[in-house]
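**Q** Sequence:
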Amino acid sequence: MNLPIESRLQFTPDLNICRILNGMWQVSGGHGRINSKAAIQTMFKYLDAGLTTWDLADHYGPAEDFIGEFRRQIITNRGKEALANVQAFTKWVPRPGKMTKKLVEENIDISLRRMDVESLDLMQFHWWEYQDKNYLDALKYMAELQTEGKIKHLALTNFDTEHLKIITEAGIKIVSNQVQFSLVDRRPEVNMIQFCQQHDIKLFTYGTVCGGLLSEKYLDKSEPRGFDLGTASLRKYKNMIDAWGGWQLFQELLSTLKQIADKHKVSISNVAVRYILDKPAVGGVIVGARLGVSEHIEDNARVFNFSLDNDDRDRIDAISQKSRNLYQIIGDCGDEYRR
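Counted from 1, the sequence shown has number 115 at position 115 by my numbering; the numbering is strictly sequential.
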């Protein structure tokens, strides 16, 4: 399966990535048991399909170890030069508190060791507590480690526009911010996109298919209750839908997406992803990979086979206009984690 050239993004001078990133939150627990051997075999299927870019974190269970083992198997089976085709973006999510160079370096070294790399492609930093200003120290130490070659690029996860601005003004070069962005959660359109465009920062978006709720599976279905929502993702995004406008409006959205999907001979999820991929500043969309459990490789690839027209977008936007304003309810990107 060869993905078209527009599936790629020259994200940084040294990193050419796939615009659909394989999300590894699903191996962290809460999404069913993962067989590590089957998971690594499945990673080769993603790679061979052109889905070469992985999004993970220090706290996603064995995700960093999976990358390390995957890299070792690539070297064994395909030679060291084949590693150039894989990009792995991890995160560091420390407890707030005093940051020292030693503490920061020790944590970066753990990721380097687990992922079996000499330098991290992208370190995406998350901080729980804005009142605790030590996040700036952590980033300054990471910038030093970048100069020393342990990190190639610095990025953020779930920072709001105000704090992204503080970090940028402190002279720290950030290449991307990972935020929730979907047809249900359009908060990045309020402030974040504009700031990112001005400062050449890309957005990597998650929650774009609402954990699978934005799919044919939920069209014309009665509202699922807690026990029907079998994964952590489904529970999380069902709460988002409730805040956004509820199940009835969501059904209206799904039915419109289905008509658009049928017109382009693709799936509802494809339309949901394509819409967000087309937004300014968006570098890529993260789609969860339940490795060895359920694969959506062929379906994900279809995102690059069609384009939405103005009529499609207008129909989607008309439904969004009926929803509640999540920016007013929750705040800016990432504010749901800091309440």
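If you're looking for bench data, these hints aren't it; they were derived computationally from the structure. Computed from a predicted structure; not experimentally measured. Be careful, since some hints might not be right.
[Unchecked claim] Once the Cα atoms are required to be at most 27 Å apart in a straight line, the calculated DSSO-like pairs of lysine-lysine come out as:
1. K322 to K258
2. K236 to K263
3. K236 to K217
4. K165 to K98
5. K221 to K202
6. K133 to K165
7. K102 to K80
8. K45 to K98
9. K279 to K202
10. K80 to K101
11. K101 to K37
12. K279 to K173
13. K217 to K98
14. K279 to K263
15. K102 to K152
16. K133 to K173
17. K150 to K133
18. K221 to K236
19. K37 to K98
20. K102 to K133
21. K101 to K45
22. K217 to K279
23. K217 to K101
24. K152 to K202
25. K102 to K45
26. K102 to K217
27. K45 to K133
28. K263 to K173
29. K150 to K221
30. K202 to K217
31. K202 to K173
32. K45 to K217
33. K173 to K152
34. K236 to K101
35. K217 to K263
36. K202 to K165
37. K80 to K152
38. K80 to K133
39. K150 to K101
**Q** Hint by hint, note whether the structure agrees.
**A** Status of each hint after checking the structure:
no. : hint         : in the structure
1   : K322 to K258 : holds, 18 Å
2   : K236 to K263 : violated, 30 Å
3   : K236 to K217 : holds, 17 Å
4   : K165 to K98  : holds, 22 Å
5   : K221 to K202 : violated, 36 Å
6   : K133 to K165 : holds, 14 Å
7   : K102 to K80  : violated, 31 Å
8   : K45 to K98   : violated, 42 Å
9   : K279 to K202 : holds, 11 Å
10  : K80 to K101  : violated, 32 Å
11  : K101 to K37  : violated, 36 Å
12  : K279 to K173 : holds, 22 Å
13  : K217 to K98  : violated, 47 Å
14  : K279 to K263 : holds, 21 Å
15  : K102 to K152 : holds, 19 Å
16  : K133 to K173 : holds, 18 Å
17  : K150 to K133 : holds, 24 Å
18  : K221 to K236 : holds, 19 Å
19  : K37 to K98   : violated, 39 Å
20  : K102 to K133 : holds, 18 Å
21  : K101 to K45  : violated, 39 Å
22  : K217 to K279 : holds, 26 Å
23  : K217 to K101 : violated, 48 Å
24  : K152 to K202 : holds, 16 Å
25  : K102 to K45  : violated, 39 Å
26  : K102 to K217 : violated, 49 Å
27  : K45 to K133  : violated, 43 Å
28  : K263 to K173 : violated, 42 Å
29  : K150 to K221 : violated, 49 Å
30  : K202 to K217 : violated, 31 Å
31  : K202 to K173 : holds, 12 Å
32  : K45 to K217  : holds, 24 Å
33  : K173 to K152 : holds, 11 Å
34  : K236 to K101 : violated, 35 Å
35  : K217 to K263 : holds, 18 Å
36  : K202 to K165 : holds, 14 Å
37  : K80 to K152  : holds, 19 Å
38  : K80 to K133  : violated, 41 Å
39  : K150 to K101 : holds, 13 Å
The structure fails to meet hints 2, 5, 7, 8, 10, 11, 13, 19, 21, 23, 25, 26, 27, 28, 29, 30, 34, 38 from the earlier list, while all remaining hints are met.
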